[in-house]
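Asks: Taken in order, these protein sequences are the chains called A and B. Remember, my numbering sits 950 above the position in the first sequence when you count from 1. Remember, my numbering sits 4 above the position in the second sequence when you count from 1.
Treat each hint with caution, since some may be false.
Using 27 Å as the maximum straight-line C-alpha spacing, the simulated BS3-like pairs for lysine-lysine come out as follows [stated by the list, open to error]:
{"hint": "1", "chain 1": "A", "residue 1": "LYS971", "chain 2": "B", "residue 2": "LYS310"}
{"hint": "2", "chain 1": "B", "residue 1": "LYS368", "chain 2": "B", "residue 2": "LYS142"}
{"hint": "3", "chain 1": "B", "residue 1": "LYS368", "chain 2": "A", "residue 2": "LYS1113"}
{"hint": "4", "chain 1": "B", "residue 1": "LYS97", "chain 2": "A", "residue 2": "LYS971"}
Partner residues aside, some chain B positions facing chain A, computed with beta carbon under 10 Å [unchecked claim]:
{"hint": "5", "residue": "SER260"}
{"hint": "6", "residue": "SER264"}
{"hint": "7", "residue": "ARG277"}
{"hint": "8", "residue": "GLY286"}
{"hint": "9", "residue": "VAL290"}
{"hint": "10", "residue": "LYS297"}
{"hint": "11", "residue": "GLU299"}
{"hint": "12", "residue": "ARG328"}
Derived list of chain A stretches under chain B, where covered just means 3 residues or more per stretch with a C-beta under 8 Å from a C-beta of chain B [unchecked claim]:
{"hint": "13", "stretch": "1050-1060"}
{"hint": "14", "stretch": "1074-1082"}
If you are wondering where the hints come from, they were derived from the structure by calculation, not from laboratory data. It should be emphasised that the depicted structure is a prediction, and the values quoted were computed from it without experimental measurement. We put the beta carbon where it would ideally sit given N, CA and C, even for glycine.
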Amino acid sequence: MTTVTNGVNVQALLDAREVLKGAPEAAQFTWRASAKWQSGVHSTIKVQSFFGLGEEQNHKEEWTFEADHPEVFAAEDNGITPIEYLLVGLASCLTGGIASVAENRGIQLRSVESVVEGGHDIRGILGADSDVRNGYNDIKVTFNIDADASRQEIEALVAQSQKRSAVFDALTNPTNVIVEVA
Amino acid sequence: MGVQVIQRTTTVVIGAGHAGLAASHFLSDRSIDHVVLERGEVANSWRRERWDSLRLLTPNWQSRLPGLRYEGPDPDGYMTVSEVTEFIEYFAKVSRAPVRTGVNVTSVRPADDGYHLTTSHGEIHARTVVIASGACNKPAVPPLSDAVPASVEQLTTFGYRDPAQLPDGGVLVVGASATGVQLAAELRRSGRPVTVSVGEHVRLPRTYRGRDVLWWMDASGVWNQRYDEVEDLTRARRLPSPQLVGTPERTTLDLSALASMGVELVGRWAAVRDGRALLSGGLRNVFSLADLKMERLLDTFDEWAKTSGDDAEVGPPERFAPTRAPVSTPLQLDLRSGEIRTIVWATGFRPDYRWLDVPAVDAKGQLRHEGGVVDSPGLYALGLPVLRRRKSTFIYGIEDDAREVIDHLARYLAVR
Chain A
951 MTTVTNGVNV
961 QALLDAREVL
971 KGAPEAAQFT
981 WRASAKWQSG
991 VHSTIKVQSF
1001 FGLGEEQNHK
1011 EEWTFEADHP
1021 EVFAAEDNGI
1031 TPIEYLLVGL
1041 ASCLTGGIAS
1051 VAENRGIQLR
1061 SVESVVEGGH
1071 DIRGILGADS
1081 DVRNGYNDIK
1091 VTFNIDADAS
1101 RQEIEALVAQ
1111 SQKRSAVFDA
1121 LTNPTNVIVE
1131 VA
Chain B
5 MGVQVIQRTT
15 TVVIGAGHAG
25 LAASHFLSDR
35 SIDHVVLERG
45 EVANSWRRER
55 WDSLRLLTPN
65 WQSRLPGLRY
75 EGPDPDGYMT
85 VSEVTEFIEY
95 FAKVSRAPVR
105 TGVNVTSVRP
115 ADDGYHLTTS
125 HGEIHARTVV
135 IASGACNKPA
145 VPPLSDAVPA
155 SVEQLTTFGY
165 RDPAQLPDGG
175 VLVVGASATG
185 VQLAAELRRS
195 GRPVTVSVGE
205 HVRLPRTYRG
215 RDVLWWMDAS
225 GVWNQRYDEV
235 EDLTRARRLP
245 SPQLVGTPER
255 TTLDLSALAS
265 MGVELVGRWA
275 AVRDGRALLS
285 GGLRNVFSLA
295 DLKMERLLDT
305 FDEWAKTSGD
315 DAEVGPPERF
325 APTRAPVSTP
335 LQLDLRSGEI
345 RTIVWATGFR
355 PDYRWLDVPA
365 VDAKGQLRHE
375 GGVVDSPGLY
385 ALGLPVLRRR
395 KSTFIYGIED
405 DAREVIDHLA
415 RYLAVR
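Isolated chain A, as found in the complex (with noise of 0.2 Å):
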């Protein structure tokens, strides 16, 4: 096997796995994401600290993002739709996926393209149909991969980053939302 170089450290991601085979409650992670109203349906998300190793985390620096609806909604555009985050967190997570299945397999990738479609009745968040569910009602990832590898290999990889996805799971299982007022 040549050497190959995705940029993906593996050799840490496998040796955390033998650790915290051992230790479950250091593998407990918190995200957070804090969100300000700022006017109309725009909203300003900030994302710094986590906690996770036991104790509080930093990403290096404060992330901001900005969250609107489009002029067809009547809003101003000042950021992409909520629902468009949660494309954006697909997108990536399978990305990342595909390049740490990668390089723990030997396989140089030359480039990793994705469109990720979501279809959407929005009659379901006008109330304009109860029968109509608010969120996707299905969503398509194409991926174009380019990489020293067979179509099945290349299968192969995507296939097991939707296993180990994060965002893919959060997506197709449901997930505990508890929403209180502080």
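For chain A, the structure is supplied; the task is to place chain B on it using the hints.
Replies: Quick look at chain B alone, frame taken from chain A:
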């Protein structure tokens, strides 16, 4: 106060199934004094804890125990449960295994120079103990079963015998291992609407290039892959049984076969909310994972056939269509609507070590062992998944495992 009589023996084997009896065979070979304790009768699980239509997944010619081979008229057939029971019983007889039936072991704890066993028939001290009580002592039913409305009947594979025992109406089979697909097929044939909730699974054709797929597993060496060569042993040991059924017609019973019988395939059951089963939307990917894994296995077979010289002896390479994903699958099932009257849990089994007072069981309830050498001196195990080889849990796989484990046990006795 009565006088406590403690019987002494060199080795106690717990369980008189094929694994315990194979251990006994090699212990006798080495003239190691032992008894085989059996809570019920020989081959007890086969007699009491299996459904009526079950047949072995392995063809008859692979029904082999130390010194005993299938010699009947149908080497390519598959034994029924009663035939398996007879086969194991016959093995117990010809190997003159010192079996004590109806003896329940309630405790095994470390004692001076060995182990102290408490049984329903007295106390025993043994220098070594071989645990051969099996990997399938309790059905593993997920906790979400507690939230199923009371109007729906629930059965495990321990309670299931045949379709007639179920109320009329729809059945939800949870799990797509060999058990899940077999029960789904027979329930569908009984005329019931059947839905199968499918998580990760192992797809296999019954025959490949004209030979039984388990012939390939054996001949190509895949089945002989050792536990210390398997890349992810934890995963290999947790793998669901392959989607196979033993029928005279040698038919393939994968998910496409179920779908063409009219069985509805839905995603993994994730939660119950307001009387509804919430199902994963990730069904397509579990199909892909299984399809790709099967293709890789068939590639391995083909490559092996080229180098072994068997290429001309078997049919041409085959490839099977990918599992058809339904255009859309339901993400919920209303368990209160009456459409589903029964849930059959085919979600696997767990071993039961509540009687083992030795700190050798991990947080997941599995025995800590290296190829059957348990993490406690003088304690051994047999008949667990990928114990020493991929074939370990099959009747066919016990001989090599038992020989090596008893070799280790004999060396342990010799150096003490």
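Asks: Does each hint hold? Answer for all of them.
Replies: Hint check:
Restraint check: the Cα-Cα separation between LYS971 of chain A and LYS310 of chain B comes to about 41 Å, which exceeds 27 Å; the hinted pair is violated. Between the alpha carbons of LYS368 of chain B and LYS142 of chain B the distance comes to roughly 14 Å, so the proposed pair stays at or under 27 Å and holds. Between the alpha carbons of LYS368 of chain B and LYS1113 of chain A the distance comes to roughly 22 Å, so the proposed pair stays at or under 27 Å and holds. A hinted pair counts as satisfied when its Cα atoms are at most 27 Å apart, and LYS97 of chain B with LYS971 of chain A does not qualify at roughly 45 Å.
Interface restraint check: SER260 of chain B against chain A, minimum CB-CB distance 18 Å, threshold 10 Å, status violated. Contact between SER264 of chain B and chain A, as hinted, is not supported at the beta carbon level, the nearest pair being about 24 Å apart and thus beyond 10 Å. Contact between ARG277 of chain B and chain A, as hinted, is supported at the beta carbon level, the nearest pair being about 7 Å apart and thus within 10 Å. The restraint placing GLY286 of chain B at the interface with chain A holds, with a minimum CB-CB distance near 4 Å, inside the 10 Å limit.
Taken as an interface hint, VAL290 of chain B checks out: its beta carbon lies about 8 Å from the nearest beta carbon of chain A, inside 10 Å. A cut of 10 Å between beta carbons decides the hint on LYS297 of chain B: the least distance to chain A is about 8 Å, and the hint holds. Because the beta carbon of GLU299 of chain B sits about 6 Å from the nearest beta carbon in chain A, less than 10 Å, this interface hint is met. Here the hint on ARG328 of chain B is broken, as its CB sits about 16 Å from the closest CB of chain A, past 10 Å.
Residues of the stretch 1050-1060 of chain A with a Cβ under 8 Å from some Cβ of chain B number 0, which does not satisfy the need for three, so the listed coverage is violated. Counting residues of the stretch 1074-1082 of chain A whose C-beta lies closer than 8 Å to any C-beta of chain B gives 0; at least three are required, and the coverage claim is violated.
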